[in-house]
Each structure stands twice: as C-alpha cells, then as structure tokens.
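K.L.:
Spelled out from the first residue to the last, the chains are:
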Amino acid sequence: MDIKELYKEIVLDHGKNPRNKKKCKDFNQDAKGHNPLCGDKVHVFLKLNQDKKVEDISFEGEGCAISMASASIMTETIKGRDFNVAKKILEHFLHMLKEGSKLSINSLSEEENIRMMSLSGVKRFPMRVKCATLAWHTFVHAAEGGNETVNTEK
Amino acid sequence: MDIKELYKEIVLDHGKNPRNKKKCKDFNQDAKGHNPLCGDKVHVFLKLNQDKKVEDISFEGEGCAISMASASIMTETIKGRDFNVAKKILEHFLHMLKEGSKLSINSLSEEENIRMMSLSGVKRFPMRVKCATLAWHTFVHAAEGGNETVNTEK
Amino acid sequence: MDIENIKSQFPIFKNKINGKPLIYLDSANSSQKPKNVIDRITKFYSKEFSNIGRSVHSLAVTATNRFEETRDLVKKYINAKFREEVIFTKNATEAINLVASSFGEKFINKGDEILITELEHHANYVPWHFIRQKKGAIIKFAECNERGEVDIDAIKKLITNKTKIIAITHISNVTGAIMPVKKIVDLASEKEIPVLVDGCQGAPHLEIDMQKLGCDFYAISCHKMYGPTGVGILFAKKKWADILPPYQGGGGMIGEVKKNDITFSDSPTKFEAGTLQTAEVVGFSESLKFIESIGIKNIIEHEKKILEYALETIKKNNSVNVIGDPKKRGSIISFTIKGIHPHDIATIFDEDGLAIRAGHHCCQILHEKMGIPASARASLGIYNSKDDIDALSSAIKKCNKVFNN
Amino acid sequence: MDIENIKSQFPIFKNKINGKPLIYLDSANSSQKPKNVIDRITKFYSKEFSNIGRSVHSLAVTATNRFEETRDLVKKYINAKFREEVIFTKNATEAINLVASSFGEKFINKGDEILITELEHHANYVPWHFIRQKKGAIIKFAECNERGEVDIDAIKKLITNKTKIIAITHISNVTGAIMPVKKIVDLASEKEIPVLVDGCQGAPHLEIDMQKLGCDFYAISCHKMYGPTGVGILFAKKKWADILPPYQGGGGMIGEVKKNDITFSDSPTKFEAGTLQTAEVVGFSESLKFIESIGIKNIIEHEKKILEYALETIKKNNSVNVIGDPKKRGSIISFTIKGIHPHDIATIFDEDGLAIRAGHHCCQILHEKMGIPASARASLGIYNSKDDIDALSSAIKKCNKVFNN
Ligand SMILES: Cc1ncc(COP(=O)(O)O)c(C=O)c1O
Ligand SMILES: Cc1ncc(COP(=O)(O)O)c(C=O)c1O
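Protein chains in written order, with numbering that gives the first Met the number 0: chain A, 0 to 153; chain B, 0 to 153; chain C, 0 to 404; chain D, 0 to 404.
Heads up, a few of these hints could be off.
Rough simulated footprint, nothing fancy, chain B against chain C, three-plus residues with beta-carbon under 8 Å [said to hold, decoys possible]: (1) 333-342; (2) 345-357.
Footprint (simulated), chain A over chain C, 3 or more residues, beta carbon under 8 Å [said to hold, decoys possible]: (3) 58-70; (4) 255-266.
These aren't lab readings, by the way, just hints derived from the structure by calculation.
Don't be surprised by glycine CBs; every beta carbon is placed ideally from N, CA and C.
Using the sequences and the accompanying hints, generate a full structural model.
P.N.:
This is the structure:
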C-alpha cells in the first residue's frame, strides 16, 4: 500500500485549495475546534435556518492537508442539506474511517460519495483520524449551539 | 556463618540489661539521636568536666538489641575517659564495623577490647550498622554541644 | 489452585537468599513480579518503544495505543464508568498528593475539617498536613479500637458541617483491618462529603468495584499488584476529574499556551504532565492479565486460607503478640515477640531466607497509640503457601532460641 | 567510532517499520534504550527486587544499595558536590514542578518576577504559571532573536530587583540553540538570583558539570539519556536542598509524625515520598555506564558531525526552511517544507520507517513568535549515521513529490 492511498488527488486538491474557507456572510452559529496535540484548528461558520437546514457553511483554520481537505469537503457536502441528514452523513463518514468500508449514502450523489471516500485512506493512519474528523465534530457543535471549543482530546 | 555471630552472648546481655540506662545525675550536656527508618531512639546524657573528661555518661532510649547493646557498651567504655580518647575509640569502632577487623585499642583493657569486639558481627549486616553507631554519634554530638537531633538519614 | 505453578511464574523464587530458598512475606510492602510483566517491559523497550501521544510515526502510535489500552483495562478492572476517571501517577502517594493539593487548594479553607483515621499510612496523612498548614484547616483522627479497626461510629461522631473530605484506608497496612468503606461512603454522601480511599492494600487483595464502593477517589499502588515500580493510579469520579485544577504543569496537559494565560486539556490528560511511565504502564497491563488469569476471587480465597492458617499457627506461640484482631482482615499480620525487637526478628528471619518487614510501617500514629515503637509484619501474596507459614513459625521459634539461651 | 556496533546494542533497530528498517530521528522526544539497560531492569525484577529503604531483609538491602549506588553514579556524572543534591523524580517535568512549588511557595511573593525565555518548553513555563496565579507573581519572557537564540543581553535587560529566579533551557528543543548558561549564571549570581536550568536536551548531548555551570537547579530527563521511562533527576544545590520545604508528602520522607505536627528528613529523602521508581533508577545506572563506555566527548563529536552533514544536506533542498540558525547548535533541527504541513511530512516519512516529530514540540510560545503553528523536527542520538540523513533527504524529496504532482 502506498502513501498515495492517503493523499489521493482529491484530498490534495482540497488540502491545497480548500473550498469555502472564509467567514460566510450572515452566519448565525459558529464553533471552534482544536486538536491540542498537533495544533490543528478550525472555526466553523453556519447559517442555519429555522427548519435546521444548512443554508450556508464555511470555515477558517490551519492544519494539515487531511484536516483542511476534510473541512473543505465537509462544507461542500453539507451546504444546503438538513442538519439531520448531515448528522447521518457524519455517521457514515465515521464508520468509513473506522472500518475502511465504502460509502454509498443515498442522499448523496455519486460524485459526492466519491469525494467523501477520498478520505477513506485515513483508516490506516490512526493518528490522523482526528485530523479528518475535527471539522465535522466542530460543525455538529456549532449547529447544536455549543459554546466551548471542541477539543479532540476530550 | 551463624546468626550467633551477630547476637553474641555479650551483645544479648547488654541488649537485655543495658548498663547506665538512666538519666545520670548532674549531666551538663545531652543530645538525642533518631533513626527514622526503623524508629530507634537514644538520648545521651553527659557530665563533661572542664578538661573535656567524661565524668559520667548514661542514656535512655528504645530500639533493637544491637542499638541498646551498643549504647550500653559505649557508656561503659567511655566513662572516665577524655573526649579526645573517646573519639579515637569511635574511629577504631567504625573501622571495625566497616572492615570486620579486630580491635586492639591501646588505651583499652583487653576485656574492654573484647566487649567492643562483640559488635563486630554487624559488619555482615549492613542495614544494622546504623543501629550500632547511633548512640556513638549522639554522644559526639552531645559532647560538642549540638542542638539538633542526630538523624541517621543525614 | 496450583500455587507451585503460580509461584514458578515469578523468576525471583529461583534465587537463593543466604543459601536458602526465598520465602517472601513482604508483599504489602511491594509484591514480586511475574515473568509476563517483566517480559512485557523487555518487549516494549526492544520492539515498540517511543514516547507516546506526541509523535505521528508508527512507533509512537503503537506505544500510545498500548498505553491507552492499559487505561481501558484498568477502567474495566475497577469498574469505572469513564476512562477520564483513570489517571496514571508515579505511585499511590502521588495520587493522594494530587487530590490533597488540587481538591485542597480549591475546596478547603481556614477552619475546615479533614477527617482521617488513626490507621492511616503517612501517605494518607502528610499530604493533608500540607493542606492543614497552607489553609489553616483541621485534621481529625477517627479513633482505632482495641481490635485495630476504626468502626463506623468513630467516624460518624467526627463528621460536622465543616468536614470537607474523608480520607480512609481500605485495609490497614498494620492491623490488616478491612474498613467498612461502603458504609462510610453512604454516611458521607448524606452530607455530600467526598470520600478518598487509600486502596494500596485493598486493590491487590479485594474485588475492587468503583460502582459498588461509590467512593469519589481511590488510590492504587501498581507495584503492590504484581506490577512494575513507578506507576500508581488515581481513580477520580468524573464529576471531580472535570472540575479539579491540574496538579503538575508541563507538556501534554495543556490546551492553549499564551504568554499571559494557559488553558488545560481535560482529564486524564490534564493530570498527566510530561513524559509518562510508558513502559511501566504497558507492563502493568500484564499484571492485570496475570490477576485475571487466576481470578481475583480465587486469589482472595487462597489468601484467606493461608491467612487463617498463619493466625492459628503463630498464635500458638505464647511469646507472640498479634497486633489487632479485626473482624475482617486482609492479608496482613503484624506482631511482636516478647523481649525481642522487630528489627532483630527481621534479621534472624532473613538468615533463613524469610523476608518480612520490621518498623513502624509508615504508621507512627498507630504505633504510638499501641504503645510500641515498631512491629514485625508478615504479609501475603498469591505465591505464598502453608509451607511459608510453617517456615515463619519455625523462624519465630529460632528467635526465641537465639535470645533466650 | 563504530556506529554500527553501537547501534547493534539497541534491540529496537532489529525491527521493521512498515516493512522498512527503523530510522530514528526522534531522540529529543525520547531516546531508544540499549540492551544493557533493558537487561538490567529484567535482572533487577528477576533476581533482586524488593522495596527499598524500608525493610531489613537481604533483598531490601541489596535493592537499596543498587538504588543508592545509582545516586552516586549520577553525582559523579554531573559532578555534584553532595549526594544530597541528587533527587530522583518521575520525569524532568516533575523536577521543575518541585522547584516551582517548593521554591515558589517559600520565596516568591506578589509582584515578584520569574524570568524565563521564549524558547522554553511548556515544562519550564506551566509550573511557573501556577506560581504566578497563586502568588500574583509576574513572568517575564526573554526574547528569542531571529537566529532562534536568546542572547545574554535579552536576559540582562529583564533582570530587576524583583527577579526571584531565572529559569532557562540548556538547549532549545526546537531551534537547537545552546544557551550561554554559564554567562547567565554569572550575571545572576551578581544579584544573588538562583538559576534553574532545564537540562532535558543538555544532559544527553553535552558535558554536564555542575561545578562549571554553577547553576542552582538542573533538571534531567533520564528517558532522553538512553534510560528507562519513569525517572527524572533534579540537581539542587545543597544550600537549596537544605532549606526548601518538601514537595510531596508520604512514607520515607518524614522524621517524626505526630497528630499535631510532622518533621521531615533531609534531602534527598525529604523530596522522595512513597515507593520510588526502583527498577527504573537501577536501570538508569546502566545508561550512564553505556554513555561512559563511549565517552560523552565522542558522542558530542559524532553527533556534531552528523548534525553538520544534516544541515548541509537538507538546506540544499529549496523547499526546506530550517528554523533558526544558532551559533551553537545541539543535536536538533526543526524545519518546514513549503506547502506541506508538518503532520503530513511526518506521515510520509513514517511510510519509509523514518521517525521524526511534528507539532509545536510543547513550545507554543516560540511557534507563535515564529508565526507557524507547527514544525517538523529531526533530532539525533548516538545511533544515527550519515545514512540516516541521506534517508531524511530522500524522504523530504518524496514529500515534494507526493504533494506537487
Ligand atoms: C527542553 C525540554 N524540557 C522539558 C521536557 C520534559 O521532559 P519530561 O517529559 O521528561 O518531563 C522536554 C522533553 O519533553 C524537553 O525537551
Ligand atoms: C496503606 C498504604 N498507603 C499508601 C502506601 C504508599 O504507596 P506507594 O509507596 O506506592 O506510594 C502504602 C505502601 O507503602 C500503603 O500500604
């Protein structure tokens, strides 16, 4: 197995040119996430409407390619979807990272599934799982209105 | 080698019936000694005249047979002698405990030498050396007018 | 149970002491180590060593996993609810110092009372003494009765509105008394007073279930549990682990570090500053496996049998005075022999390869209470057999012989 | 020097990492352990184990002697004047916490100043932060220059009449800068300000002579000196060891224990509460013997050669930015690669069996100053050769490849 399994084209692309990396206008909820062991940081901004639909989502932060790509892919995947659907997607995503299984989430297009699956290589790199999940946990935290910083060492 | 090498008749006798175990009258100097690891304690009382001759010496305390015997033998050996002579005797005594050598201190009678030598078995029992020397160090401390408790852990 | 087989797992017993086979009756001081524990340490250093939690490379990942797996094993073994409740320290002494310092700084003030007992080991008194000095607090000592126990009433009558914590031993390391911890916890929780249990003698010899005991803190000494030196464990209920301030500062336990302020991570990391006792903790996982391979119930049963035989045997000797007569006794018997100082006893025993402990066993308060400066103590481990007790009995007779003719 | 022979004494290098031979460039984090150290621990547990200083039996006597002999070896190795100056702790972090707590409680008051540097590891900042909080003291940070050093003037200009202690690292664990400790001590002693040196990176890589350095405190991390985990050393000048109050309370460190008061023994016992890291300390005696068998001068020379080769080699790669350019550098090189996060570097390196560290290396203040969240760090031990550096160089190229095409 090759290191390229971890750093797939899609991951590198999103790592280098993260989408939605800014403070989105009119966000009404946000949360910070921090991995104290390696210093990765994200700040997720969310515009959630009354029906809990994610009208807009963006992030700021700094970290490794995996964490930036994961945040970027997350924003692209979640924008426009219901919070409940997003949580389901996260579940599948976590399962994939843990089991290395394939993704075929019904609510996602094939392209979206493939994009998410680009991170499946993380399974073989246990120390990097936190990099891949930080943005996601921070998103949930933001949506649920938490105040404290998400800390991966919790 | 037998445990009897340590617990010679003379030692057991002095251990069970320590001589000069009391507070001697008219003492003008005293000092306490303590071995915190095993709890042995002695309190040495001294009547030292202006020429630094030990006119009287006694002790109180509690501890193992070795420490009591050593204190008892010390008082018998030192009483009536000059402090400087006593310090020389102590040097020989320490050397004996360390090297297991024979004692033949000129200033002592043959009987006194033999009595001191009854403690030579301690050499083989390093953990017990402090028991055998506590009273002696405390005596020196008393004679030199020290205030603090002699602590074998120093 | 096949004790010979169990004993054969401990390399130390292959050695001779003064030409005699080793008879080890000093496990309350520190237990011997089975081969699987020793081998685990060797393997860790030879094949897996790296500093944990800090690097991304494979060795570090493996080492971190082995370390954290041990935390999970401990959590399971003591039946803690959360892994955040299991904090590794260097020994039980540090575990108690941590609580005395972190809890004491935050919750104990001038005039407040700390309730301990006359049975306590210095490790469960000196740290509270520091807080007494710093804060102007008061330490109350629940009285020990003639049986060498502290009964629940002795504790009850000292509880006041000022009592901020109760700190008690699980098993006295001198009289062997097993304390009514559950009852004390129930009593204390009526008044919402936290209870710290010094489990040094409890953990190796009893079933340890944090849910059943219900205590707030429990301190464990791994080297008394067939484990390596250099590791202790503090169990701290999540509600305390969450709010207590950190104890030592350094790498690993921080959140964000700025020039004017510092935030900290959560438990257990918050309490584990600097490079940990990695190899020792990993080695300890094998101690738990060793204990579980025999079964703590079987260990208790075996030790009970040997203990009863020992009490019966040595009480037959009129010169022996066994200290205390607790209704429930752990694997410890302290005693004196008429006219012979405990240090002399230990030296004479040693000549026969028999290792016991003599002294005040870090319990000066208790010894003063009993009016003796020191005692001799025989304590059991899983490797002891009735033969060891017979040897003890002969050695006592030898002491009498050496001293009385 | 025959590095292959030296390397062969470290069992870990017989293992494969991801199918590749291990190349270990993470010794500043923790060094690997030679066979004699591992074997000593095994032997201690298998043939000599007992709790020390407490029992009279033969095993305890032997164990105590082995333990105290190690103290003598350390005393000699660091050229301390008195054995009371050598205190065993669980790690260097604890050593610094001990000083911050004992010295701080006694001598630091509201408005007093603690002088540290921007280079300090969290272990030499967080403990002082605790005292800052408790006492209302002030921490001043001597500035780090562009070379990644703190020069003497940066320290000089911060010294005031309120400065109570200066706490500095011997070698920065990020930039590798060797600090002018002797000069700082001379400066400080004019004003009678004690100096604590965090010697974690100094002790394994420099000649350590307490008489020449003249510092008041020196903290050592044994696991970075080819020693076991779970042991650190605090050197404390006798004048301080004598007067500082104890740090942790428990068995062994007491004089007399009464219900209303407690007296303590003298150093080092005063500072060593509870059951110590017996096996680890005894094992460390073999680390010192290992170092002495090679000779610290030879180690320094060898590491210098490799370090220079490494600097030269990796600077050739334009994508690499080496952090700091100190005039005197210890065995450490931290760097970044353009466009690639240090964690990604470490992961890619690991695929080739190359272990380095990525992160802030417990130096957030310094990283913030340099404007980077993290860096990659390669650090040397006696077992490293030019081949390892060539591997490092190829691995850097591989990173560029993975990320840039
Ligand atoms: C400069 C420096 N100080 C302090 C420490 C902490 O040492 P330890 O983890 O052994 O307590 C380290 C190593 O992590 C270090 O490099
Ligand atoms: C009851 C009790 N508490 C505390 C301790 C201290 O444990 P440690 O030395 O592991 O810190 C001991 C053992 O020495 C003990 O028996």
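K.L.:
Does each hint hold? Answer for all of them.
P.N.:
Structure-based check of all given hints:
1. 333-342: With 5 residues closer than 8 Å to chain B, the region 333-342 of chain C meets the three-residue bar; holds.
2. 345-357: holds (count 4)
3. 58-70: holds (count 4)
4. 255-266: holds (count 3)
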